[in-house]
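> Residues per chain are reported as follows:
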Amino acid sequence: MTSLPTQVTGKKLGLVIDLDVCVGCHACAVICKEWNTGGYGSALSDQEPYGEDVTGAWLNRIHTFEVTPGDMIPGYGKKPKGQGVGEVIAQTEEARVVHFPKSCLHCDDAPCVTVCPTGASYKRGEDGIVLVDEDKCIGCGLCAWSCPYGAREMDQDAGVMKKCTLCVDRIYNEDIPEIDRQPACVRTCPANARHFGDLGDPNSDVSKMVEERGGIDLMPEQGTRPVNKYLPPRARQTLPSSEVPSAAAIAETTDGAQGFMKWIDTALSKI
Amino acid sequence: MHPALSVIIFTTLSGFGYGLAAILGLFQPDPSLMAVKFGHVLAFLAIAGGLLASTLHLGNPQRAWRAFSQWRSSWLSREGVLAVLTFVPLTAQTGLAVVFDTSIGWLGFVVAVMSGITVYATSMIYASLKTVNAWHNPMTNTCYMLFAASGGLLAVATLSAFNDTQSTLIVLAIIALAAAFFAKTIWFRALDNESGPSTPGSATGLGFLGKVRLLERPHMGENYLTREMGFRVARKHAQKLRLISYGLGLVLPVLLLLIMGATGMVFFGVIALLSHLTGILAERWLFFAEAKHAVSVYYGSESA
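Chains A and B, in that order, give the protein sequences.
If you use this note's numbering, the first sequence corresponds to residues 1 to 271, in order.
If you use this note's numbering, the second sequence corresponds to residues 1 to 304, in order.
No lab work stands behind these hints, which were simulated from the structure alone.
Just to be clear, a hint being listed does not mean it is correct.
Claimed, not checked - Which stretches of chain A does chain B cover? Using the computed rule of at least three CB atoms under 8 Å from a CB of chain B, they are:
no., segment
1, 100 to 111
2, 116 to 124
3, 167 to 175
4, 209 to 221
Positions of the beta carbon are idealized from the N, C-alpha and C atoms, including for glycine.
Throw the hints in and build the complete structure from the sequences for me.
Dropping the structure here:
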């Protein structure tokens, strides 16, 4: 049924994405495309894959944002004078670039589930994963309209809606080694910026991480109550001035050279 | 939002059809007249044609029957169910008028009420979407209902005039047209002055750090999201189309109705109706094209 599940176990499987760590390499998006084109449901088709106007369905996309601070930054202190909000990045000391991977957030109040006219779109009571039953999907696109995050994309070839399955065909798969039983994006992330676990359990690693780092809900104003959380970038640390090498120290000098280096220095200086 | 032709035709035709069927049911013009019979058939065909058009944009139309199953939660499903249910009294009303030259008062009332509820359900498909701020308000429902009613009144006033011009119907049609476009003006004003609640700051959760701006999209080309949800229409283009929709949908039909009332020439009413429907097509195109989806803040928009 496309109503949200009434009987739930309290288990909320989801992702925690660390924006302090993500380097924006797109590996998670690439492995996602690769795993899911051969996994659950129809293949993730591309249109004109080798032509000029390449396009296709992806379940995970990485955006890049820049953040330029206002006058007072909570937790960061006062911004240096003479710089306004929205200044170009190179001119603002505290500005930063944040890579931002985005996929389905497996919302508790998933609007994509309740708008579905056929019952194809559903949220599982046992673990909270939002899925599409492609045999029931008529490809009307209304669920994609109802999702504020752009987590759903219509497969132009199969005419059905595609979305992140949280790699439901990996996480419970006893045919693969236990270490691989997590979403492909989490398994592949070379920076360890992605974490998978039960966000309904306050004692899980992911829940503790969210608690410690102040994990964020995306677009709380849309009332979707997302399960996935994002960890904001940590405050930038400034080294104490005693630890910062002075300009003179970095400049070319042979002061303090020892042994062979000292002999070369002395010998060359005499020539 | 991408203005898909099939959806524009669906909402315009079915809205007009239900409005016409409802007004025919409420006012019960003499069904022995050829023009009134034509009106009944026109309403039936407009509704059927509109509903058929709505299936054209589906990825898998052969499974469209499944859309009747989720009426508990989905307005799209409710719309489908109500449309099918309304066909029962509608078919009876059309058949009685065309074949037996009769009409039944209570049946007409049932048709009117069910048509009204169906149009409301159509409008709720859009008004229920929190992600599209311009749609997510009661004025969306008001506009759809009033456009349906005014189109129906305009058509019935014209069709009745084939026999004898009825000033009551003409006055009612003019009032309904004015009310519908007044509601639309309020809707446009809200669209122009209010932006949605989402920003790049809320969308990334980084708003507390400062001003958030998109630096790079995930990819160079377009994707399903940017094509479907990111449709942007040039501002001056939109203003021209708004003028066209007011001119053809409201001003010209009102003038032509007045001329028809004064001269008794039905020709003016027919032109008024065609002009009105063209104006509504323009209005419906803008309804989609001007609406901004929340996801656009992930693709460079400042708010939505």
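> Hints first: check each against the structure and report whether it holds.
Results for each hint:
With a threshold of 8 Å between beta carbons, the proposed coverage of the segment 100 to 111 of chain A by chain B holds, since 3 of its residues qualify and at least three are required. With a cut-off of 8 Å between beta carbons, the segment 116 to 124 of chain A has 5 residues touching chain B; three or more are needed, and the interface restraint holds. Taking a C-beta to C-beta cut-off of 8 Å, the segment 167 to 175 of chain A contributes 0 residues in contact with chain B, too few for the three needed, and the coverage statement is violated. With 6 residues having a Cβ less than 8 Å from any Cβ of chain B, the segment 209 to 221 of chain A passes the three-residue criterion, so the hint holds.
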